[in-house]
Every structure is written in C-alpha cells, then in structure tokens.
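Please model the complete structure; the sequences and the hints are all you need to start from.
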Amino acid sequence: MPSSTQIKELVQGVLRGDKRSIARTISIIENNQPEAQKLMATFYPKTGKAQVIGITGPPGAGKSTLIEKLVKELRNRGKTVGVVAVDPTSPFTGGAFLGDRVRMQDLSTDPGVYIRSMATRNNPGGLAKATKDASRVLDASGKDVVIIETVGAGQSEVEVVKVAHTVIVTLAPGLGDDIQAIKAGQMEIGDIFVVNKADRENANKAVSDIEAMLELTTEKTGWKPPVVKTSAFTGEGIAQLLELIDQHRTYLKTGVLDERRKERVENELIEALKEKIAESILNDFKDRGEWKRLTQKILKRKTDPYTAADELLAKPPKPKTKKKT
Amino acid sequence: MSKERKIRVVIAKPGLDSHDRGAKIVARALRDAGMEVIYTGLRQTPEQIVETALQEDVDVVGLSILSGAHTTLFPKIMELLKKKKLTDILVFAGGIIPEEDVPALKKIGIKEVFGPGTPTSTLVEFVRKNAPKKR
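Chains A and B are the protein sequences, given in the same order.
So the first sequence is residues 92 to 416, counted in my numbering.
So the second sequence is residues 1244 to 1378, counted in my numbering.
Check the hints yourself; a few may be wrong.
To be verified - Quick list of the computed label-pair ranges, beta carbon to beta carbon:
(1) 193(A) / 1375(B): 21 to 27 Å
(2) 1322(B) / 167(A): 29 to 35 Å
(3) 1330(B) / 94(A): 16 to 22 Å
(4) 1364(B) / 201(A): 35 to 41 Å
(5) 1259(B) / 357(A): 52 to 58 Å
(6) 365(A) / 1341(B): 56 to 62 Å
(7) 1322(B) / 106(A): 25 to 31 Å
(8) 397(A) / 1375(B): 42 to 48 Å
(9) 1364(B) / 392(A): 38 to 44 Å
(10) 169(A) / 1286(B): 27 to 33 Å
(11) 1350(B) / 383(A): 54 to 60 Å
(12) 1350(B) / 387(A): 55 to 61 Å
Hints listed in this document are in silico derivations from the structure and should not be mistaken for laboratory results.
Glycine included, each C-beta is placed from N, C-alpha and C at the ideal position.
Spelled out as structure tokens, the structure:
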C-alpha cells in the first residue's frame, strides 16, 4: 500500500504528465484500492480540458488500427494523446488477453502518447468500471485528446456515450445489411459513422445503408451524423474524419455540451449515491441475526429470496450516519 | 472491496523473428490462469517493450525469442528496465535459447528461461509464485 508521501508524489507525477505515475494511478483505481477515491477527488478539479473521443463498433471492424492512424495525425497537428483500450475479461477464468497494442506498436515510444490496455473485469456495457476515471487521470495529466476504445461491441454496448464527447461508430463492409443498420443500440449512439476498410468491396453499399437509416431519424437536433469512408491501410479518410471530429466539437460548444455535462454529472451523482447507499444498507442487513436465519431458511427451501427480502425490509435497519438534529 | 489483485503480464517478441505461436500459447495459458495478459505483437525493440511494461504497469514481462539475438537484446532490455526503475518486475524468457547462454541471462536478472516443451502449468505456477506480491 502506498504511503501518503508516495501518494503525493503520484499526484504531482500525474499532473506533470509522468507516464509511470499515470500508470500506477490507473492501477490503484482499477484495483479499487483504498486510496482510489481520494486520488480521484484530487484530480477532479483538474479535469474537463481534454477532448474525449469514443471509438466503438463490432470486433474486427478495425478500431485499434484506426486509432493508430488517428493518433499519428493528431500528433502531426501537435496534440498529445492518451488512449484507453478495453478488451473483455473472461467470465469463466477472470483472465484477459489484451491485444489492442499490437495495432499501435509505432506509438509506444512516442513521448506525447500514453496507451493503457484495460480489461472489462466483467463490467457490462463495453467499458471497464475504471475507464471513465482512467480517462480523467489522462485529462488531468494534460493530454489534449483522450481516445477510448470499447470492447468489440455488440448491439447493446453503449456505455461509451456516457464518457465520450464524440462517439465514433466504426463499421466495415460486409458486416450486415440495411436491416442491421436499423436496429436499436449501437446504431443510435454514433455522432460520426465510419465505414473502415474502404479499400474493400461493398464499402459504398455499407455507406448508403447507414445513410438510409440515418435519414429515418425523426429527432431533430443541430447535428446530423455524417458517414465517412476510411482505410487505415491506405490512409484514406483519416484527415476527413479528424475534420468531422472538430466540427462536432464546435457543434458541442454551442451549449449542447454544457447541457450534456449537467445531465452526466447528475447521473454520476445518482450512481455514486446508489453504490454507497446499497453498500451501507446491505452491510447493516448482513450484520443482523435475521440474515443468517433467513439464508438458512432459503437454503432449506422453507422460503424464497423474494419473501425473505420482504421480511428483511419490514424491519429496515437504521442508517449508520445519523443526521444531526 | 477488491478481491485478489490481478497479475498483469506483458508477453513480448523482441527482435526480428516472426514466429509467435509459442508466445501466444503462453499468453493464452496465463489468461486462462486468470491473469491480464498484454500482447505486444511481433518485432519489438527493447525500447518498445520497456515502454509498454511501464505504461501498462505490469508485474511480469515474458520475452519470447527464436532468432538467437537474445545475447544482445536481453541485456539491453534489462538495462532499460533498470534505467526506468522498473526493477521489481519479474522477467522470464522462452524460445530457442542454448543451455550455455542461460547462466549469463540469469546473472543480468532474468529469473528463469523456459525451453520448448515446457508444460504451461509449470509456467503458470512459476509466475504465480514469483510475481511481486504488492507494489
């Protein structure tokens, strides 16, 4: 466990962009070590400056390769970049194979780039629980742009909307027809749609399928999600994609971002409250004699979990922290 | 609170050989043992490997090499790890490494060298036993 001097050094290290300190801090958060909350409280006031881009899409669409190209282009424009790349944890063994770096090899020794691979640790929604805080650490460390790569997402992995300012849904030709494009979930969260691997056949068909789906959107906002063809292989469309990201950023600055931020902050506060309330109430319940008795009763099939829960709730425990009157 | 801390491992392929079946088998075995394994891909320079270990905050580095360049690449990697103050990381190696080279590699801090045919269970046990306990 790090001492308080070590924590102070960590904080200072992160704030001056030291990669080792960033790496260690993210581990502390990821492992939910006791210092995590205090660390995040220290960094929070320093965040809010970085542009956060989320890249999502099905496995094999070319997300990691696209990110490598994007980061190179951003570096050419003088921006520093942090990347958090999420891959799935095995629900069976708890292990994970994190392979996103394989596509980003050229970036690992660039002093202006920090890349972190992160396992979901079975968090649903396509991100790890620590992804949001990791992106905040990178924000606080002074990175101009933070890119979050979700797991190879299915139709319902949409958590990235809650973290990124701009969400890029990456698809590839041949993954599905216009029926796939109309389905809910993933196809609703893109601020920009990318048809990657545009050097392949049927790229234009994929673009028109997505455009046709977007035409059906009835909700009127000031932003109409564009579709762009890219090829990480030939470099086609990368500069155009960055232009679109910038345009989206300009759009967000018309007040949309402030509104979204307020909504997000409220949601986060609710989540934090829920977590803490649940933890403290559950612990109170578990401390009581009935807990053991009822567990045994359920085990012996003399009652069921829902009836037992009602019984527990009939005599709710007193909250631990009493209000001052 | 958090359960047991996950062991994080980088499996790296230094040098120019382009055969990574062994590295992938090791990565897969460690994954199945519940560890988080980061794979670097082929043809890594010592600088890339050490940077990856640093940014990923790993506990263990596994080096796989078949080209025969271990006598030049491994000392460079160990030196860079030292320079970056990453000396608490457990380093092991595997691949085609002649018996007579092993003592010199151990001397520079490589904890163990595994040859072809090593059962993956031996490897898993080795990593579990020797990975730094807390950092």
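Here is what the structure says about each hint:
1. 193(A) / 1375(B): 21 to 27 Å: 26 Å, holds
2. 1322(B) / 167(A): 29 to 35 Å: With Cβ atoms ~32 Å apart, the hint holds.
3. 1330(B) / 94(A): 16 to 22 Å: 19 Å, holds
4. 1364(B) / 201(A): 35 to 41 Å: 38 Å, holds
5. 1259(B) / 357(A): 52 to 58 Å: 54 Å, holds
6. 365(A) / 1341(B): 56 to 62 Å: 60 Å, holds
7. 1322(B) / 106(A): 25 to 31 Å: 29 Å, holds
8. 397(A) / 1375(B): 42 to 48 Å: 46 Å, holds
9. 1364(B) / 392(A): 38 to 44 Å: Holds, at about 40 Å.
10. 169(A) / 1286(B): 27 to 33 Å: 29 Å, holds
11. 1350(B) / 383(A): 54 to 60 Å: 57 Å, holds
12. 1350(B) / 387(A): 55 to 61 Å: About 60 Å separates the Cβ atoms of residue 1350(B) and residue 387(A), which means 55 to 61 Å holds.
Going through the hint list in order, the structure satisfies each hint without exception.
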